[in-house]
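Protein chains: 2
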Amino acid sequence: MSDNINHIMSANQQYAKEFGENSDLGAAPKKRLAVLTCMDCRLDPLKFLGLELGDAHFIRNGGGRASEDAIRSLVASYTYLGTNEFLIIHHSECGFETFTQEEMGRLLKEKLHSSEGEFINWLTISDRIESIKNDVMHIRNHPLIDKDITITGLLLNTKTAELTEIITL
Amino acid sequence: MSDNINHIMSANQQYAKEFGENSDLGAAPKKRLAVLTCMDCRLDPLKFLGLELGDAHFIRNGGGRASEDAIRSLVASYTYLGTNEFLIIHHSECGFETFTQEEMGRLLKEKLHSSEGEFINWLTISDRIESIKNDVMHIRNHPLIDKDITITGLLLNTKTAELTEIITL
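In order, the protein sequences belong to chains W and G.
Here the numbering used here is used: the first residue of the first sequence is 1, the next is one more, and so on.
Here the numbering used here is used: the first residue of the second sequence is 1, the next is one more, and so on.
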C-alpha cells in the first residue's frame, strides 16, 4: 500500500464517521446545475462557487473542455437527473496552455516509443477567452443538448480565485 | 442573470477575499496524485480522501469512467505535471447504473428527435465492481500510460462515505 493510500484510507475512516448528516442527499442536484471545469489541483469548485454538497454535478477534465465525454456526462445530467443550467469554467495559468498538440505527440513518442499520441486531440488552449466561447458554443449547438438549458462560460483567475462571466447562451 | 449565477458571483467575491493564503500553489499536484471519479453531486473528493487543495488532479465524468477523454487528462497529468499514482473511484447508487445504452438512445430520440444518441457509448454500469476492475485494467494496458504509475481502483459507499480498495495494478 502506497503512502498516499495509507493516508487516504485513514482520513476516509475519520470522514465517514462525521458524514451521517449528508447521507440523505439524493442523486439529483438541488440547484439543477452541472459544472464543467478543469482537473487543476488548485481548484475547489464547491468553494469558489459557494455551493454545498448536493447542489451540482461536477465534470472535470484537462482544461475543462467540451469534449465528447463531457457532452456524454452533460446529457446524462439533464436527461436523468434534471439539471437545467450548465457552467463552463476555464482558468488562468492552465497546464493546457503550456504545450501544443505537436509537442505532446513528440514527447510521448520519445518517452514510450508509441505514436498513438499523434492521433489524440489534446484540446490544448492557445487563447483562454476563445476556448471558453468555443466550448460554450459547441455545447449550445450540440444536437443532444436541449435548447432550454442555460449555458454560461466563466473564467477563473487562479491567483485570486475570482470569476469573470464571459458569455451566456 | 440566473438566480444561480447571482448567488455564485456574490459567493465567489467573498471566497476570493479569503483566498490569499492559497494563491502560491503551483500547478503540479503536491501528492503526485490524479483522481478519476464520478460527477455525482453527493461526492466531495477532497474531503472523502482527506486531501488538501493542491494535492491532486481531479478528473470527473459520468460514472468516473476511463473514457478516451479521461485518458487524455491522465496522460497530460503525468507527462507535464508529474503525477505518478492514479485512483479510479466509482460509487454505489450511481446514476449510470439506472439506465441502459438502449434506453438513453430511445429517450433522446423521443425528446429531441435526434438519433445521435445511438452512436454514443454512454458507459453505463451494470456491475460496479466489474466496472472498477475493467477501468483500472484499461488504463493499465493503455499504450500511452507509463508502466511506472501505480493505479488503484476503489469503491465509495455513497450512503456512508466509506472507501473500499478493490484492485491495485
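In short, the hints are calculated from the structure, not lab data.
Among the hints, a few may not be true.
If several chains are the same, the list does not tell them apart, and a pair holds so long as it fits within one copy or across any two.
[Claimed, not checked] Computed list of lysine-lysine pairs in PhoX-like fashion (alpha-carbon distance at most 25 Å, straight line):
id, residue 1, residue 2
1, 17, 147
2, 133, 159
3, 47, 17
4, 47, 111
5, 109, 47
6, 17, 109
7, 133, 147
8, 47, 133
9, 47, 30
10, 159, 17
11, 17, 133
12, 47, 159
13, 147, 111
14, 147, 30
15, 30, 111
Structure-based check of all given hints:
1. Taking the shortest alpha-carbon separations for residue 17 and residue 147, neither the intra-copy value of 43 Å nor the inter-copy value of 36 Å comes in at or below 25 Å.
2. Proximity of residue 133 to residue 159 under the C-alpha cut-off of 25 Å is restricted to the intra-copy arrangement: shortest distance 22 Å within a copy versus 38 Å between copies.
3. Proximity of residue 47 to residue 17 under the C-alpha cut-off of 25 Å is found in both arrangements, the shortest distances being 22 Å within a copy and 12 Å between copies.
4. Proximity of residue 47 to residue 111 under the C-alpha cut-off of 25 Å is found in neither arrangement, the shortest distances being 37 Å within a copy and 34 Å between copies.
5. When the C-alpha separation of residue 109 and residue 47 is checked against a cutoff of 25 Å, the pair qualifies neither within a copy, at 39 Å, nor between copies, at 37 Å.
6. Taking the closest pair of Cα atoms, residue 17 and residue 109 never come within 25 Å of each other, the shortest separation being 47 Å inside a single copy and 44 Å across copies.
7. Within a single copy, residue 133 and residue 147 get their C-alpha atoms as close as 17 Å, which meets the 25 Å cut-off; across copies the closest is 37 Å, which misses it.
8. Taking identical chains as interchangeable, the C-alpha atoms of residue 47 and residue 133 lie at most 25 Å apart only when both belong to the same chain, with a minimum of 24 Å there against 32 Å between chains.
9. In this homomeric assembly, residue 47 and residue 30 come within 25 Å of each other (Cα to Cα) both inside a single copy, at 16 Å, and across copies, at 20 Å.
10. For a Cα distance limit of 25 Å, the shortest separation of residue 159 from residue 17 across copies, 12 Å, qualifies, whereas the shortest one inside one copy, 34 Å, does not.
11. Taking the closest pair of Cα atoms, residue 17 and residue 133 never come within 25 Å of each other, the shortest separation being 43 Å inside a single copy and 27 Å across copies.
12. Proximity of residue 47 and residue 159 under a CA criterion of 25 Å is satisfied in both settings, with 15 Å inside one chain copy and 22 Å between copies.
13. When the C-alpha separation of residue 147 and residue 111 is checked against a cutoff of 25 Å, the pair qualifies only between copies, where the shortest distance is 11 Å, while the shortest distance within a copy is 44 Å.
14. Only within a single protomer do residue 147 and residue 30 lie at most 25 Å apart by alpha-carbon distance; the minimum there is 21 Å, versus 41 Å between protomers.
15. For the identical chains of this complex, residue 30 and residue 111 are inter-copy neighbours only, at 23 Å across copies versus 45 Å inside a copy, given an alpha-carbon limit of 25 Å.
In the structure shown, a violation is registered for the earlier hints numbered 1, 4, 5, 6 and 11, in ascending order.
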